[in-house]
Structure formats: structure tokens, C-alpha cells
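A.B. asks: One line per chain: the protein sequences are Y and U, in this order.
Residues in the first sequence are numbered from 1 upward in steps of one, following the working numbering.
Residues in the second sequence are numbered from 1 upward in steps of one, following the working numbering.
Derived from the structure by calculation, the hints contain no laboratory data.
By construction, the Cβ of each residue, glycine as well, lies at the ideal position given by its N, Cα and C atoms.
Some hints here could point you the wrong way.
These stretches of chain Y come out as covered by chain U in the derived footprint (C-beta under 8 Å, 3 or more residues) [claimed, not checked]:
id, stretch
1, 153-160
2, 169-180
3, 188-200
Some chain Y residues well away from chain U (every beta-carbon gap over 10 Å; in silico) [stated by the list, open to error]:
id, residue
4, Arg-7
5, Gln-18
6, Leu-27
7, Gly-28
8, His-29
9, Asp-41
10, Arg-44
11, Glu-54
12, Val-66
13, Ala-68
14, Lys-98
15, Asn-203
16, Arg-208
One letter stands for each residue in the lines below.
2 protein chains.
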Amino acid sequence: MTEGRLRVGVLGTGTVGQTLADRLSELGHDVRIGSRTASSDVVRTFAEAAAHGEVVVNATGGLVSVDALTLAGAEHLAGKPLLDLSNALDHSVGFPPKVLATDSESLGERIQAAFPEALVVKTLNTMTNAIMVRPRTLPGPHTNFLAGNDAEAKGVVRGLLLEFGWTDEELIDLGDLTASRGMELYLPLWLRMLGAVGNPLFNVHVVRAADS
Amino acid sequence: MTEGRLRVGVLGTGTVGQTLADRLSELGHDVRIGSRTASSDVVRTFAEAAAHGEVVVNATGGLVSVDALTLAGAEHLAGKPLLDLSNALDHSVGFPPKVLATDSESLGERIQAAFPEALVVKTLNTMTNAIMVRPRTLPGPHTNFLAGNDAEAKGVVRGLLLEFGWTDEELIDLGDLTASRGMELYLPLWLRMLGAVGNPLFNVHVVRAADS
Chain Y
1 MTEGRLRVGV LGTGTVGQTL ADRLSELGHD VRIGSRTASS DVVRTFAEAA
51 AHGEVVVNAT GGLVSVDALT LAGAEHLAGK PLLDLSNALD HSVGFPPKVL
101 ATDSESLGER IQAAFPEALV VKTLNTMTNA IMVRPRTLPG PHTNFLAGND
151 AEAKGVVRGL LLEFGWTDEE LIDLGDLTAS RGMELYLPLW LRMLGAVGNP
201 LFNVHVVRAA DS
Chain U
1 MTEGRLRVGV LGTGTVGQTL ADRLSELGHD VRIGSRTASS DVVRTFAEAA
51 AHGEVVVNAT GGLVSVDALT LAGAEHLAGK PLLDLSNALD HSVGFPPKVL
101 ATDSESLGER IQAAFPEALV VKTLNTMTNA IMVRPRTLPG PHTNFLAGND
151 AEAKGVVRGL LLEFGWTDEE LIDLGDLTAS RGMELYLPLW LRMLGAVGNP
201 LFNVHVVRAA DS
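Just chain Y, with the same shape it has in the complex (with noise of 0.2 Å):
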């Protein structure tokens, strides 16, 4: 894996992946972003955009995450880190929406069985956006999580957290890919805390005994 400037391929042109793709380049990284269809010379297919990252970041809606995956192509996956962000809403039911995820299996394990050789890393699936990739927007630290079954891949994915400005002590890795199910089910509390705190500028930290 290249130092410094990465070639990164953001797969999913919604809010989410906008907002990844403006900071990655910001950071000075070469970006390309995937949709179904290439719009702009930034804007190319899934399949260009995977083919052109070092890393591929999932910030496609979770309900067709494994679609736009397969359009993207499991060659251009093989082998790479693959930042799984994305959470299995169907709004289709209302507000709060339904996560499709269960203690059984998770978005992020169902990705990770249709393409064997993607290395897989859930994380930044707990906040909205704005926070994920500008984490110091809150005050005073909070937590983000990380899974996946290899610790290489979990490596680069931490070096481009650190960027975006999470501190080691922020970031806790919860282990193999089974632990997606936990920061998936996570979801219908987090809506429920929308609700109550009135925006999405909010985060929770991982409050520890003095001595542990």
C-alpha cells in the first residue's frame, strides 16, 4: 500500500459519498467517484471508479450496497480495503426507517461473503456524515468503531481516519466482522436519539472507569 497520496474509488454519489469524496480530496488524495452511469470526468461507473482505488470506500444506500458492488466488480475489490459505511435502511416503512440487519448477520458480513476477496471494514456507519469525516466538529472526544477480518486493511482504513481527524484514543476496533451486526443494530437507537436531540450533530463516547 502507497504512503501518502492514495488512489481512492467512492462508490455512491448521494450525501454520504459527497461529502467522503470532497474530504479525501481535500486531503490530497486522487478520488474518483462511482455511479451507475459516468457523468463527469469525476463521476465515472462503479466499475472505473473501483478499478481506480487503492481503497474503495461503500457509501452506497445499504438496501442496494451488494448491487452497486456487483456493477463495480469483484476484480476490482480483490485484495483492497474495502470502508464499509453503509447501513441497511428501508425507508420504504416511514420515518424511523427499518435496519435490515440482525444478531445473525449483518450488511457488512453480506458484503463481505458476495466478495470473498475484499477486505472488508465496517466503520463511520454510527454518525452522520458531517462527523464522520470532520470529527472534531463536536466537542471533546467521542468514539468511532471499527471491524473487519484483516488487520491490514484495518490499518489503511485507520490511517485515513486519523486524517480526517479522529485521534487513536477515539477510534476502538471491536474485532473480526461479526461486529458489524452490533454497529448496525445500532441504528434504530441512534434514529430514536435523532429525535430527542433534534439534529444529527451528535456522536456518543465510550466513557471508561478511571482506572481501566
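Chain U: place on chain Y using the hints.
C.D. replies: For chain U alone, coordinates are given in the frame of chain Y:
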């Protein structure tokens, strides 16, 4: 509802029930603990403990809570705040246990449906028992959620939480009891955090933007 000293029935003689009962007694409340069979002046049957309480605490294991509350008797729960801190954790699968809740139905709602005249307030289920009753064990602020359909019952429970040492700002009311889905589905994440932190003395704090 009487101010000051309350009669409280705590259902469940496990660590959680004992911890709650001890703390409530220490605070001057008149506590009876309920079990399947009475074994002392303080540990009575579920029915006797529930009949005694102006407030009832469900500290039974989530998988047996409806059975235990059935033994307690709907007539002894009617019109009373029922502080439900249980989680439906299936330990038969090994560690981590599976949480038996979905984004469509929680244990809190199952209890409310089975005992429609009880005033169910879900709270405290997102942390270990030592922190529930002595929140100042942790340095700095952290968060406890409440959910329930009856505002007055939530007010009574909130009063007990303040006596435990929670501050008003730390208590986030998530609204009606459907919010207990998110509170219960948080458990798989909590269990992975337990692995990462290495001990259960932690909790999350909701960090908000400075101006929210």
C-alpha cells in the same frame, strides 16, 4: 404517588436484582425482593413483592420476564410504574449471547402488551448493574435512556434515577416504548465493546455539537 420513601418490589434475585434492591434500601426505600419461592422476610414470592410495591422493578432474566410477571400477577402491576431493565439475551449459544429483539418488537413492548395496565418504563438496560445504581463510578458525564408510554410513570422512575446519582442532563427521554427496540438492539454493540474495553465498567455519553 408518595413522595420520599417508596415501597418498591424488585423482581429477580440475580446480581442485578440484588444490586438494585440493596441500593434502593440504602436510599431509605421499603424494598421487597420477589423470587419464585419466598426464602426470607425480604425475599418473598413474585406476587408478594409486586403487591408490596408502589413501583415494581423487573430485574428478571429477559427470557423469563413475562413468566415471572405472570406469577407476580397483572393485578399487582396495574397502574404502577414498572421499571424494566431486562434484556432478552439467549446465553444458550455461548458468548456473546444473542439478543432476542428486532426493529419491530422489543421485550419492553412484549411486557407492555402482556400487562396493558402496567406502566412500563424501559431504562438502565444499556449498562452493567454497578453503573446503573452508582453512575458516578465513571468519570465525567454519561447517558441513560428512558422510554415509556406514561409520562407520570417516567417521572417517578426519573426521580429514583436522580437518587441513584444520575443528573437530569444525563437522562435522555427517547419517547414512547417503541424506543425500547433501539435500547435493546444496542446490546450486541455493548457486548463487543465489553470485549474491547476488557471490563464492564463503561458506558456511552451522547456528545452534542456545542450549539445544540
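A.B. asks: So which hints don't hold here, by number, going up?
C.D. replies: 1, 14, 15, 16
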